[in-house]
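*Asks:* With the hints as extra help, turn the sequences into a complete structure.
Protein chains in written order, with the numbering used here: chain A, 1 to 302; chain B, 303 to 592.
Keep in mind the hints are simulated off the structure, nothing from the lab.
From the three backbone atoms N, C-alpha and C, an ideal C-beta is built for every residue, glycine too.
Hints are supplied without guarantee of correctness; some may be wrong.
[Stated by the list, open to error] Reference excerpt, derived from the structure (chain A facing chain B, CB under 8 Å, subset only):
| hint | residue |
| --- | --- |
| 1 | Trp37 |
| 2 | Ile38 |
| 3 | Met281 |
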Amino acid sequence: MVPRRPILSLPIGLLFLLPALFFVAVFLVFPSLWVLWISLTNQALTGEAALRPQFVGLANFRYLFDPENWAVRGYFGNALRNSVLFVVGSGLIGQAGLGLAIAWAFHRRRGLLREVLYTLVILAWIIPDVVVAFMWVAYLDRDQGTLNALLSALGLGRVDWLIERPLLSVIIFNTWRGTAFSMLLFSSALAMLPPSYLEAAAVAGARPYQAFRDIILPSIRSHIVTDLILITLWTFNTFTPYLITGGGPTFRSEVVSIYTFRVAFQHFEFGRGAAVAVVMMLINLTLALAYLSTLRREARAR
Amino acid sequence: MTVIRYVLSRILFAGFAALVGAFFALPMLWLTLAPFNARGTLAVEIPRPFTLDNFQAVFANTFAVRALGNSLILAGGTMLVVTLAATLAAYALSRAEVPYYDLLTYGLILFSSVVTGTAAMVPIFLLANALGLVDTYVGVIMAFTGGLLPTAIFILRDFVEGLPRSYEESAMVCGASPWRMVWDVVMPLLRPGMMVVGIWAFVQVWGPSSSPSCCCAARSACPPPSPSTPSTPRRAPLSLPSPRPTRCSTPSRCWLSISSSTPVMGSGSSGGSSAEIRRDGSGRMGSAGL
Numbered sequence: 001m002v003p004r005r006p007i008l009s010l011p012i013g014l015l016f017l018l019p020a021l022f023f024v025a026v027f028l029v030f031p032s033l034w035v036l037w038i039s040l041t042n043q044a045l046t047g048e049a050a051l052r053p054q055f056v057g058l059a060n061f062r063y064l065f066d067p068e069n070w071a072v073r074g075y076f077g078n079a080l081r082n083s084v085l086f087v088v089g090s091g092l093i094g095q096a097g098l099g100l101a102i103a104w105a106f107h108r109r110r111g112l113l114r115e116v117l118y119t120l121v122i123l124a125w126i127i128p129d130v131v132v133a134f135m136w137v138a139y140l141d142r143d144q145g146t147l148n149a150l151l152s153a154l155g156l157g158r159v160d161w162l163i164e165r166p167l168l169s170v171i172i173f174n175t176w177r178g179t180a181f182s183m184l185l186f187s188s189a190l191a192m193l194p195p196s197y198l199e200a201a202a203v204a205g206a207r208p209y210q211a212f213r214d215i216i217l218p219s220i221r222s223h224i225v226t227d228l229i230l231i232t233l234w235t236f237n238t239f240t241p242y243l244i245t246g247g248g249p250t251f252r253s254e255v256v257s258i259y260t261f262r263v264a265f266q267h268f269e270f271g272r273g274a275a276v277a278v279v280m281m282l283i284n285l286t287l288a289l290a291y292l293s294t295l296r297r298e299a300r301a302r
Numbered sequence: 303m304t305v306i307r308y309v310l311s312r313i314l315f316a317g318f319a320a321l322v323g324a325f326f327a328l329p330m331l332w333l334t335l336a337p338f339n340a341r342g343t344l345a346v347e348i349p350r351p352f353t354l355d356n357f358q359a360v361f362a363n364t365f366a367v368r369a370l371g372n373s374l375i376l377a378g379g380t381m382l383v384v385t386l387a388a389t390l391a392a393y394a395l396s397r398a399e400v401p402y403y404d405l406l407t408y409g410l411i412l413f414s415s416v417v418t419g420t421a422a423m424v425p426i427f428l429l430a431n432a433l434g435l436v437d438t439y440v441g442v443i444m445a446f447t448g449g450l451l452p453t454a455i456f457i458l459r460d461f462v463e464g465l466p467r468s469y470e471e472s473a474m475v476c477g478a479s480p481w482r483m484v485w486d487v488v489m490p491l492l493r494p495g496m497m498v499v500g501i502w503a504f505v506q507v508w509g510p511s512s513s514p515s516c517c518c519a520a521r522s523a524c525p526p527p528s529p530s531t532p533s534t535p536r537r538a539p540l541s542l543p544s545p546r547p548t549r550c551s552t553p554s555r556c557w558l559s560i561s562s563s564t565p566v567m568g569s570g571s572s573g574g575s576s577a578e579i580r581r582d583g584s585g586r587m588g589s590a591g592l
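*Replies:* What follows is the structure, given as structure tokens:
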């Protein structure tokens, strides 16, 4: 191949890159490094610590991981535990599981039913946060909510979902909210499978679940890994549960993102909030690196 | 045997489809009816009497209208800046043979997925606070732009790679300056990609509540700073989103200030939240929802 002459000279290319690099450097890279420093101080918005923040070493991190009140409600351990339940329940089982189930059930089916169902699922995904939150507060209301009306019509008792089962409520909510992504991803992954695979399995007399386990799962494995990592990353960072339960009652549905918000923006203890942000970023970094390495492995396999 | 199995699988499929359909449709049912109900409640009811007054009330509420306007300004501004900066950057990355091209894009993507959501709120607020940009349009737009740009560049890169180089080469032969070439040749060709990125950026700002806008407009929307006592309950007056809406408060912020002023997230009195929301709900459904 003849070496191509670049269309832009390097200086002009860098000039074109400059605006983007400016925004990214100032509003993404710099703050994320600065927060490392803040997490080692007792910086706050008000009081003496606001004027003369002092270096406190790892005190903020020790506070987060203090074994004495680690798992007490309202502390970091409780938030972390809720986050794990939230991610596993709503992300991995809920969104990815239900998404795969829907994609498989409607694989190679066409028609009105599929269109209507897919539209509903996608609608739940694209409605703005606030509207969705209001809908769900009404849906789960104890006295008038649609869900309880339905349950009592079926002869089952009413449940005050947001008070008695706050974590379960936000898990179900988040499943409803985000299944569309997994569903779409798995639908297109299944659509790319050569039909001959499943036909051969059918000729060999395989049951649907055998075909699913032995043919479909192995062939879309990489998509599943991608989906799980992205879903985990997004679910871990989402803030929408706050709009429904506010993390309460008594911190029972407080996930890490809500904990960060409370410490940093309601108590205005920036040093401590920065420490939580650093822990969150470390978890994100692990997930993102896992994602990128699977992407690279796929690219090499291809 | 096969007939039975066929019938069984049809029944299973129909049952599954019905369950999934109900799971996704039921929460939306209420929102399609309540706004048109003169005496709206949280229950699913046929609007009686049917009315459009709720919408009128929203648009008569200057705070609500202003919040909508703020959303438009912020989303539109971010869309413009992100699209322009990302187009230039993606083009330069593809055509100028910048050293460490791949490392740069992947590094940026990595950064934007690590510094995201709530983890990004603290550092960005601190920065905005230090620069005096809290509660300004410019601050919010710039903070959003920084977070969205890496992905925008990543998306646009593929579009630029798909452009035939011959158009640009002919422009160069005709003596066009690099800037003119980008403006008159490349950008018109890239329009579909720019549309994708622009709409994506707009939606990213318009929809979510957990975002730089949250912390950059945080001061007056959050309870007053009181490090010793967690979350001072501060009741918002009925139907007014916040006693003093910030300049950048958006509909999401209004909702947040309503729900964060309820005692439920502090300690005790757990019935407060639904009572408060029920009060808002039966009073002025529309304005709280927006």
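*Asks:* Under the criterion of a CB-CB separation shorter than 8 Å, is Ile38 (chain A) in contact with chain B as hinted?
*Replies:* holds (6 Å)
*Asks:* Grab the minimum C-beta distance from Met281 (chain A) to chain B and call the hint holds if it beats 8 Å, violated otherwise.
*Replies:* Constraint on Met281 (chain A) satisfied, holds at 5 Å.
*Asks:* Using 8 Å as the Cβ threshold, decide whether Trp37 (chain A) counts as touching chain B.
*Replies:* Constraint on Trp37 (chain A) not satisfied, violated at 10 Å.
Comparing the model with each numbered hint stated earlier shows that hint 1 is the single one that does not hold.
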